[in-house]
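Chains B, C and D: place on chain A using the hints.
Protein chains: 4
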Amino acid sequence: MNIEEVTRIQTSFDAQTMMATFDARIVDIQCGSVRIEAPISPGARQQQGFGHAGLTFSIGDSAAGYAALTMLPLHQEVVTAEIKINLLAPARGEKLISVGKVVKPGKRLCVVTAEVYAVEQGVQTLIALLQGTMVPVTA
Amino acid sequence: MNIEEVTRIQTSFDAQTMMATFDARIVDIQCGSVRIEAPISPGARQQQGFGHAGLTFSIGDSAAGYAALTMLPLHQEVVTAEIKINLLAPARGEKLISVGKVVKPGKRLCVVTAEVYAVEQGVQTLIALLQGTMVPVTA
Amino acid sequence: MNIEEVTRIQTSFDAQTMMATFDARIVDIQCGSVRIEAPISPGARQQQGFGHAGLTFSIGDSAAGYAALTMLPLHQEVVTAEIKINLLAPARGEKLISVGKVVKPGKRLCVVTAEVYAVEQGVQTLIALLQGTMVPVTA
Amino acid sequence: MNIEEVTRIQTSFDAQTMMATFDARIVDIQCGSVRIEAPISPGARQQQGFGHAGLTFSIGDSAAGYAALTMLPLHQEVVTAEIKINLLAPARGEKLISVGKVVKPGKRLCVVTAEVYAVEQGVQTLIALLQGTMVPVTA
Chain A
1 MNIEEVTRIQ
11 TSFDAQTMMA
21 TFDARIVDIQ
31 CGSVRIEAPI
41 SPGARQQQGF
51 GHAGLTFSIG
61 DSAAGYAALT
71 MLPLHQEVVT
81 AEIKINLLAP
91 ARGEKLISVG
101 KVVKPGKRLC
111 VVTAEVYAVE
121 QGVQTLIALL
131 QGTMVPVTA
Chain B
1 MNIEEVTRIQ
11 TSFDAQTMMA
21 TFDARIVDIQ
31 CGSVRIEAPI
41 SPGARQQQGF
51 GHAGLTFSIG
61 DSAAGYAALT
71 MLPLHQEVVT
81 AEIKINLLAP
91 ARGEKLISVG
101 KVVKPGKRLC
111 VVTAEVYAVE
121 QGVQTLIALL
131 QGTMVPVTA
Chain C
1 MNIEEVTRIQ
11 TSFDAQTMMA
21 TFDARIVDIQ
31 CGSVRIEAPI
41 SPGARQQQGF
51 GHAGLTFSIG
61 DSAAGYAALT
71 MLPLHQEVVT
81 AEIKINLLAP
91 ARGEKLISVG
101 KVVKPGKRLC
111 VVTAEVYAVE
121 QGVQTLIALL
131 QGTMVPVTA
Chain D
1 MNIEEVTRIQ
11 TSFDAQTMMA
21 TFDARIVDIQ
31 CGSVRIEAPI
41 SPGARQQQGF
51 GHAGLTFSIG
61 DSAAGYAALT
71 MLPLHQEVVT
81 AEIKINLLAP
91 ARGEKLISVG
101 KVVKPGKRLC
111 VVTAEVYAVE
121 QGVQTLIALL
131 QGTMVPVTA
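Chains as they are written, first to last, in full-length UniProt numbering: chain A, 1 to 139; chain B, 1 to 139; chain C, 1 to 139; chain D, 1 to 139.
Chain A on its own, in the form it takes in the complex (with noise of 0.2 Å):
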């Protein structure tokens, strides 16, 4: 990934609003592969006092997204045709970890899949699991 690349991902991700009501950021951009993480903060919490599973769909979701954004050429955008969460275990602990990643590209559609990992007092657990599917759209 160069310069312009990572650049265009942090400007897209910046421009979502959601991402800094969860204090969400991203750590890592590969090719195919971006990593974000938030934390479990007081607002955003179910009834139970874990993390929303909203919170844990949407740094999945956008990790997915920003996955496939890595891989299409720079005037592009992606939305999210459809996507689908499984919850293995609830949000628990500190943080969130989404690994969102490309399993096949296209220029019509990309497949793609997300894990999410709730840390507690530095142990990390899976959380969630994603796969959807990310259209190219003119930026």
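Keep in mind the hints are simulated off the structure, nothing from the lab. Misleading hints may appear alongside valid ones.
[Claimed, not checked] Heads up, incomplete: computed chain C residues facing chain A, CB under 7 Å, no partners named: (1) A81; (2) E94; (3) L109; (4) T133.
[What the hints assert, rightly or not] BS3-like, lysine-lysine: derived pairs with alpha carbons at most 27 Å apart: (5) C/K95 to A/K107; (6) D/K107 to B/K104; (7) A/K104 to C/K104; (8) C/K95 to B/K104; (9) A/K104 to D/K101; (10) C/K107 to A/K104; (11) B/K107 to D/K107; (12) D/K104 to A/K95; (13) C/K104 to B/K95; (14) A/K101 to D/K104; (15) A/K101 to D/K101; (16) B/K104 to D/K104; (17) C/K104 to B/K104; (18) D/K107 to A/K104; (19) B/K107 to C/K107; (20) A/K107 to C/K104; (21) B/K104 to C/K101; (22) A/K104 to D/K95; (23) B/K107 to C/K104; (24) B/K107 to D/K104.
Here a beta-carbon is modelled for each residue, glycine too, at the ideal position from N, C-alpha and C.
For chains B, C and D alone, kept in the frame of chain A given last:
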């Protein structure tokens, strides 16, 4: 739905700090169906300025989950086992409305769907369809 | 639907040898909706003797795909990009009926659903719900 | 895996007449992972002559289900609650290979994935990815 049944759903919803972060509220509770609304607020947007898929997912998932809860005994809660979202159109406008419904209730698994609409200057557009599985748990 | 439109769907269906293997047939074609029936035959069962999920999936997917095709120009075909199935009850009885519907037509992507019913001694039970994405391709 | 554990999976598989219809067979059983192969036979094709999505789904779903069963007590069976398939490429060639894996075992729910490959003149191509939920039931 009697008062006790409605109250336990409102109480559970109120315990979700994520719903307060999104300024979301329950606007209708029927047996097997729940409607939730949330504004497309400045802090819940994606990179093109539309509502973030995470917002659409969150209120779709919540409406589907609480729809399942309307059909369960008072001492139970539900958690999402898995859910899939197809995004049909950008979340454009002032607010989102989600309508969750139970397709098949069950003691072990409840199959649910949700439709999410965006409202722009009074015109309502279907923007997302969700289909998933809720699991009853002891509260 | 004019004759030409109905014919191209029947012709495509007839070219699927899998549908002949399942003894499946199209029983209704409307704009945006297709109905397919298949017997739960001795060679299409799972380990408990009920109809196999692969049969339920196949006719659900086909009904959804051909529903999409009813809304596309005559020179196009569709392929399934992705589809999700929730199985609600065993495929018990003499035959299955699937009803595919278009939720959102589109030039790049068509979002579709299908319901699959089992018929046992004349009683029809909803056994599966599918939600997916069809992609138009040049035939 | 001891003999008894392997036998109960082979016995369950042999009871699925659909697998015989597809001429499918189990070629490997490990704890948490099962591999199934099937020819792309003349009777299992879609309208363009490739393997039908129903074949790809069936052996993906079976491999995932039996992977779950390897991690369950001997008196149990599994049924598919839900599964999603993303189709990545046409099922072109002589045969399909599916590899099912357990992501998260559980007494109530097992989360599973499967990869399906097409083999054409010895070259193996990933053509589908499945992610779903199996439910243990008493046999």
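> Is B/K107 within 27 Å of C/K107, Cα to Cα?
Replying inline: Violated. B/K107 to C/K107 sits at ~42 Å, over the 27 Å cutoff.
>> Check whether the Cα positions of B/K107 and D/K104 lie no farther apart than 27 Å.
In response: With a Cα-Cα distance of about 21 Å, the restraint between B/K107 and D/K104 holds, given a limit of 27 Å.
> Can the restraint linking A/K101 and D/K101 be considered satisfied, given a maximum Cα separation of 27 Å?
Replying inline: Holds, at about 18 Å.
> Taking the least C-beta to C-beta distance, is C/E94 closer than 7 Å to chain A?
Replying inline: violated (33 Å)
> Taking 7 Å as the limit, does the beta-carbon of C/L109 come near enough to a beta-carbon in chain A?
Replying inline: Since chain A brings a Cβ to about 6 Å from C/L109, closer than 7 Å, the hint holds.
>> Hinted pair, alpha-carbon criterion (27 Å max): B/K107, C/K104. Please report holds or violated.
In response: Given pair B/K107, C/K104 is violated - Cα atoms ~33 Å apart, limit 27 Å.
>> Please verify whether D/K104 and A/K95 have alpha carbons no more than 27 Å apart.
In response: Distance ~21 Å between D/K104 and A/K95 Cα, so the pair holds.
>> Run the distance test for C/K95 versus B/K104: straight-line Cα separation, threshold 27 Å.
In response: holds (21 Å)
>> C/K104 and B/K95 were given as a pair; does the straight-line alpha-carbon distance stay at or below 27 Å?
In response: Cα-Cα ~21 Å, so holds.
>> Does C/K104 sit within 27 Å of A/K104, going by the straight-line distance between their CA atoms?
In response: Given that 27 Å is the threshold and the Cα spacing comes to 24 Å, the pair holds.
> Given the proposed pairing of D/K107 with B/K104, does the C-alpha separation stay at or below 27 Å?
Replying inline: holds (21 Å)
> Under the criterion that the straight-line Cα-Cα distance not exceed 27 Å, is the pair B/K104, C/K101 satisfied?
Replying inline: Holds, at roughly 20 Å.
This entry does not satisfy hints 2, 5, 18, 19, 23, going by the numbered hints stated previously.
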